[in-house]
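Enquirer: Read off the chains here:
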Amino acid sequence: MNKPAWRRLLALLFAFSLVAAACGGGDDEGTEAGADEGGSDTTEAMEEETEDDGETGGQVDEDEAADAMADAADAEEVEAAADSFEGLQEVWAAERASIVAALQAGEYGVGDDGVLVGPGGFTLDTNACPADWDNNEGITADSILIGHTTAQSGALAAYGNIGVGMEAYFNYVNANGGINGANIDITIKDDAYVATQTQELVNELLQSDKPFAINTLGSPNTFAVYNQLNDECVPQPMVMTGHQAWGDPESHPWTTGYQLSYATESLLWGSWIEQNFPDGGVTVGALVMDNDFGLAYELGFADFVENSDIIDEVEFVRHDPAAATLTNEVTTIAAGDPDIFISMTAGNPCLLAIQEAARAGLLDSTDALFTPSVCKAVSAYMEPAGDAADGWYIVGGGLKDTTDPQWADDPWVSFVNTEVEAAGLDSGISLFGDGFHRGWAFEQALLIAAELDGGVTRTNFIIALRGMTSMTNPGFLDGIQFGMNGNEDAYLIEGSDISLFDAGAQTWVKEGGVIDLAGTSPNCNWVAGEGC
Amino acid sequence: MTLLLQRIFDGLTTGAIYAAVAVALVLIFKATTLINFAQGELAMIGAFFGYVFAVQTDVLDFISEDDTYLKTWVAAIIAMIISAILALIIERVLVRPFDPTDHLPVVLITLGLFLIINAMAGEIWNYQAQSPPMPGLFPNNFDDLIMVGEARLFYDAMGIVFTLLVMLAILFFVLNRTKMGLAFRAVSSNTESARLVGVRTGRVLGFGWALAASFGTLGAILVAPRLSLQPNMMAVVLIYALTSAAVGGLDSLGGAALGGVIIGLVNSVGVGYISDWEPFEFLRATPLLLSLIALLITLWFKPSGLFGTKAVERV
Numbered sequence: 007m008n009k010p011a012w013r014r015l016l017a018l019l020f021a022f023s024l025v026a027a028a029c030g031g032g033d034d035e036g037t038e039a040g041a042d043e044g045g046s047d048t049t050e051a052m053e054e055e056t057e058d059d060g061e062t063g064g065q066v067d068e069d070e071a072a073d074a075m076a077d078a079a080d081a082e083e084v085e086a087a088a089d090s091f092e093g094l095q096e097v098w099a100a101e102r103a104s105i106v107a108a109l110q111a112g113e114y115g116v117g118d119d120g121v122l123v124g125p126g127g128f129t130l131d132t133n134a135c136p137a138d139w140d141n142n143e144g145i146t147a148d149s150i151l152i153g154h155t156t157a158q159s160g161a162l163a164a165y166g167n168i169g170v171g172m173e174a175y176f177n178y179v180n181a182n183g184g185i186n187g188a189n190i191d192i193t194i195k196d197d198a199y200v201a202t203q204t205q206e207l208v209n210e211l212l213q214s215d216k217p218f219a220i221n222t223l224g225s226p227n228t229f230a231v232y233n234q235l236n237d238e239c240v241p242q243p244m245v246m247t248g249h250q251a252w253g254d255p256e257s258h259p260w261t262t263g264y265q266l267s268y269a270t271e272s273l274l275w276g277s278w279i280e281q282n283f284p285d286g287g288v289t290v291g292a293l294v295m296d297n298d299f300g301l302a303y304e305l306g307f308a309d310f311v312e313n314s315d316i317i318d319e320v321e322f323v324r325h326d327p328a329a330a331t332l333t334n335e336v337t338t339i340a341a342g343d344p345d346i347f348i349s350m351t352a353g354n355p356c357l358l359a360i361q362e363a364a365r366a367g368l369l370d371s372t373d374a375l376f377t378p379s380v381c382k383a384v385s386a387y388m389e390p391a392g393d394a395a396d397g398w399y400i401v402g403g404g405l406k407d408t409t410d411p412q413w414a415d416d417p418w419v420s421f422v423n424t425e426v427e428a429a430g431l432d433s434g435i436s437l438f439g440d441g442f443h444r445g446w447a448f449e450q451a452l453l454i455a456a457e458l459d460g461g462v463t464r465t466n467f468i469i470a471l472r473g474m475t476s477m478t479n480p481g482f483l484d485g486i487q488f489g490m491n492g493n494e495d496a497y498l499i500e501g502s503d504i505s506l507f508d509a510g511a512q513t514w515v516k517e518g519g520v521i522d523l524a525g526t527s528p529n530c531n532w533v534a535g536e537g538c
Numbered sequence: 007m008t009l010l011l012q013r014i015f016d017g018l019t020t021g022a023i024y025a026a027v028a029v030a031l032v033l034i035f036k037a038t039t040l041i042n043f044a045q046g047e048l049a050m051i052g053a054f055f056g057y058v059f060a061v062q063t064d065v066l067d068f069i070s071e072d073d074t075y076l077k078t079w080v081a082a083i084i085a086m087i088i089s090a091i092l093a094l095i096i097e098r099v100l101v102r103p104f105d106p107t108d109h110l111p112v113v114l115i116t117l118g119l120f121l122i123i124n125a126m127a128g129e130i131w132n133y134q135a136q137s138p139p140m141p142g143l144f145p146n147n148f149d150d151l152i153m154v155g156e157a158r159l160f161y162d163a164m165g166i167v168f169t170l171l172v173m174l175a176i177l178f179f180v181l182n183r184t185k186m187g188l189a190f191r192a193v194s195s196n197t198e199s200a201r202l203v204g205v206r207t208g209r210v211l212g213f214g215w216a217l218a219a220s221f222g223t224l225g226a227i228l229v230a231p232r233l234s235l236q237p238n239m240m241a242v243v244l245i246y247a248l249t250s251a252a253v254g255g256l257d258s259l260g261g262a263a264l265g266g267v268i269i270g271l272v273n274s275v276g277v278g279y280i281s282d283w284e285p286f287e288f289l290r291a292t293p294l295l296l297s298l299i300a301l302l303i304t305l306w307f308k309p310s311g312l313f314g315t316k317a318v319e320r321v
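Sequences listed follow chains A and B, in order.
Be aware that the first sequence starts at 7, since it is given in the numbering used here, and climbs by one per residue.
Be aware that the second sequence starts at 7, since it is given in the numbering used here, and climbs by one per residue.
No lab work stands behind these hints, which were simulated from the structure alone.
You may find that some hints are simply not true.
[Claimed, not checked] Lysine to any residue pairs mimicking SDA-like chemistry, simulated, CA-CA at most 20 Å apart:
1) A/216 to A/311
2) B/308 to B/292
3) A/195 to B/126
4) A/195 to B/122
5) A/195 to B/68
6) A/516 to A/533
7) B/185 to B/200
Owing to the predicted nature of the structure, the values given are computational and were not obtained by experimental measurement.
Please work from the sequences and hints to get the whole structure.
Expert: Okay, structure coming up:
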C-alpha cells in the first residue's frame with residue numbers, strides 16, 4: 007500500500023477510534039458500569055432528578071444547619087484534647103476503652119441465629135452472606151489484609167497519594183506492635199479512577215488476595231462495587247468519597263463513609279450565602295465535574311436553591327473530568343456575571359478552576375468564591391495558584407491539612423510530617439498526610455475490634471466501626487466530632503469549618519468556630535432516580 | 007459581542023496549545039507515516055526538564071533573579087536540547103531496529119513509551135501539580151492582560167500564538183532551506199528511493215524525532231503554567247492534537263497548526279454557543295464530541311485533511 011492510501015486509512019482509523027473513545031470512555035463508562043452493578047444508571051438517574059427538581063435527601067435539616075452556622079459564628083475555640091502526641095495516645099486509649107466497655111455491655115455480636123446485632127439498632131443478617139463466606143477472611147495471627155483501589159494514574163492520580171500515606175502509617179503501626187501483634191497489610195491497585203477498572207480490580211482482590219476489607223476511592227468507583235461488596239459481606243469501610251449514599255447502614259451495612267458528605271457541604275454553602283446576603287437576589291455560577299461526585303454536589307445545592315428565597319438563580323456548567331483546561335467553561339460562567347462562584351470539582355481541576363476564575367475576572371467581580379472540601383490541600387491546589395487563590399472560601403470538612411503552616415506545631419501533624427519523611431516520602435504533599443489521618447481511623451477501629459469477643463473479624467470490625475461513638479480524630483479540628491452509632495448515626499464526620507484562604511501566609515483562616523452537626527444527617531438509602 | 011470575542015480569544019489560545027503538539031506529531035508522521043503516541047509525554051517530560059533548571063536546581067542562578075523570563079527561556083532551551091537527545095536515543099535504540107514498513111511494533115513501542123514516561127514522571131515528581139509552579143516564558147499573572155472592549159486577552163496567550171508562529175517559521179526554514187531538511191523531505195517522500203540515492207535515512211529519522219521532541223518540549227513549557235505542571239498535563243492535549251493533525255492533514259505542518267486553531271475554536275465558540283441551547287447542553291461535559299464531528303466532516307470531504315497530500319494511485 008502506498009503512502010497516501012495509508013494516510014487516508016490512518017486518518018479514518020483515528021476518527022473512528024477517537025469517536026469511540028469519546029463516546030465510551032472515562033468516567034461515564036465507569037458510572038454506567040457502576041449503575042449496572044446496582045441495576046440502573048446512577049448519573050442518568052441524577053440527571054432526571056435535576057430535571058424534576060426532586061428532593062435528593064441525605065442532607066441535614068436546613069434550619070438546623072443555619073442554626074449551627076449561627077452558633078459557630080460566636081463559638082469559642084474548643085480546647086485541644088492534648089498538647090503532645092503521647093497525651094493524644096492516652097486520650098485515644100481511654101476513648102477506646104470506653105467504647106469497648108459500651109459494646110461489651112451491649113453484648114453485641116453475631117447471635118446463634120446468625121444475625122449480627124450492633125449498637126444504635128444496627129442489625130445484619132449473616133445468613134444472607136455467600137455459603138463460602140468467611141468471617142476471618144484476610145485475617146491471621148500475623149496479618150490483617152486490606153485491599154485498596156485508587157487512582158494512581160490518570161487525571162486524578164494525585165489522590166493515589168492517600169493510599170501511599172495510609173500504607174506508611176500502617177508500617178509505623180506495625181513497627182510499634184501492630185494490632186495485638188498482627189501487621190496491617192495493604193494491597194493497593196490502580197484503577198485510574200475508571201469505575202470499570204475498579205470492578206475488575208475488586209474481583210481480582212476477592213479472588214486472589216482475599217482481603218478482610220476493601221477500601222475504594224471515588225464516588226463512581228465506590229458505586230460500581232458497593233452492591234457487590236455488600237452482597238458478598240465484605241467490609242468497605244471509610245471509603246474515600248463524600249457521597250451521601252455511604253450513610254446507609256440498613257441496606258448497605260458493610261459500607262461506611264468517612265468525610266463530610268457532599269450533600270451537607272452543599273447545604274452549608276447555601277446557608278452561608280443566605281446568612282451573608284440577607285437582601286436576596288443572589289446569583290450563583292457553579293463549575294461541576296460531570297460524574298457522580300460532581301453531580302452529588304449539584305443535586306444537593308439545587309435542592310437548597312429550590313427552597314431558597316435568597317438565591318434567585320444558579321447556573322451549573324459541567325466539565326469533562328479529564329479536561330485539559332477549564333477556560334471555556336469558566337468563560338461561560340463569567341458571562342452570566344454571578345455574585346457567587348462555586349467550584350464543584352476535584353483533583354487537578356481544583357487548581358485549574360482557581361486559575362481560570364482569576365483569569366476570567368471572577369475574583370474581582372464576585373462577592374465570594376468557594377472551592378470544595380476535597381480541594382483543601384494547600385500544597386496541591388492552593389499554593390500553585392499563587393495570588394489567584396487569595397480570598398477563596400471553603401466549607402472545609404474540618405480537615406487539618408498537613409502542609410498548612412498553621413499546624414506546624416500541632417502534635418499530630420508534626421508527628422505525621424516526621425513519619426512521612428521517615429518513610430522516604432515528601433511531607434510537602436498534603437495527601438500523604440490525609441492517608442495518615444485515615445490510617446489512624448482504621449487502626450482505632452481494628453484496636454476496638456481486637457478487644458471484642460473473637461478478636462478481629464469482619465463482623466467485629468463493623469461493630470467497632472459503627473459503635474465508635476466518639477473519638478478524637480487528630481486529623482480534624484478540635485470540636486469536630488468523629489463517630490457513628492449504628493443506624494442512629496451513619497456518618498463519621500458531620501461538622502465543618504468555614505475558612506478563607508490567605509495566599510500571603512499560605513494558610514486557611516477559620517471564620518468563627520466549627521459548625522457542629524453531629525448526629526443530624528438522615529440516613530440515605532440511595533435509589534437511582536429517587537435519591538435518598 | 008464581548009462573549010464572542012472572549013470565546014475567540016479562548017479558542018485561539020487553546021488552539022495554539024493543541025497546534026504545538028500537533029506540529030510535533032506531524033513531523034514524525036511525515037518522516038515515518040507513524041503516529042507517535044508518546045509525543046505528548048515526551049513534551050511533558052521535557053517541560054519537567056525545564057522545571058528542573060528553572061526552579062529545582064541552582065544551575066542557572068547566575069542569571070539575575072530580576073530576569074525571571076530570561077532564566078525560564080534558558081531553561082527551556084536546555085530542556086529542548088535534552089529532549090532532543092532523549093528522542094535521538096529512543097529512536098536509535100527502540101525504533102530503528104524495527105522494520106520501518108511494519109508499523110505495528112513501532113506503534114506499540116510508542117504506546118509503551120507513553121505509559122513508561124508517564125509513570126516515571128509520576129515516580130520522580132509525583133502526580134500532584136508542582137509547587138512553586140512552572141514560571142512562564144511570558145508574563146502570566148491573572149492581571150497581565152489587555153482589554154479588547156470587555157474581552158480579556160492575556161500576554162501569555164499572545165506569547166503562545168507568537169511562539170507557535172516562530173516555531174513554524176523555523177521549521178519551514180530548516181526543512182526547505184537546509185541540507186538536512188532536503189534529506190528529511192526526501193525520506194518523507196519515499197524512504198526507499200532516498201536510501202538508494204545515498205541519503206542516510208536512519209540519521210534523518212533521528213533528526214525528525216529530535217526536532218519533534220524539542221519543539222514539543224517548547225510547546226509544553228509554554229502551556230505548563232496554564233495547565234499546571236504534572237505528569238498528566240499532556241495526555242488529554244494529545245487527543246485534541248491528534249484530532250487537529252487529522253483535520254489539518256497528517257503530513258502538513260501548516261495544516262496541523264491550522265487544525266489546532268480550528269479545533270480550539272470549535273471547542274470554545276462552537277461548544278460555547280451550541281451548548282447554550284438546552285438539548286445540546288451535554289456538550290459542555292463532552293466537548294471532544296464536537297471536535298470529532300468536525301473531524302468526520304473534514305475527512306468526509308477531504309480524506310487527507312484540509313492540507314494533507316491527496317492520495318494518488320497509478321492505474
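Enquirer: Please go over all the hints and tell whether each is borne out by the structure.
Expert: Hint check results:
1. A/216 to A/311: violated, 45 Å
2. B/308 to B/292: Roughly 25 Å between the alpha carbons, so the hint for residue 308 of chain B and residue 292 of chain B is violated.
3. A/195 to B/126: holds, 17 Å
4. A/195 to B/122: holds, 17 Å
5. A/195 to B/68: violated, 45 Å
6. A/516 to A/533: Violated - the C-alpha atoms of residue 533 of chain A and residue 516 of chain A are around 36 Å apart, more than 20 Å.
7. B/185 to B/200: Holds: residue 185 of chain B and residue 200 of chain B sit about 13 Å apart, inside 20 Å.
The structure shown violates the earlier hints numbered 1, 2, 5 and 6.
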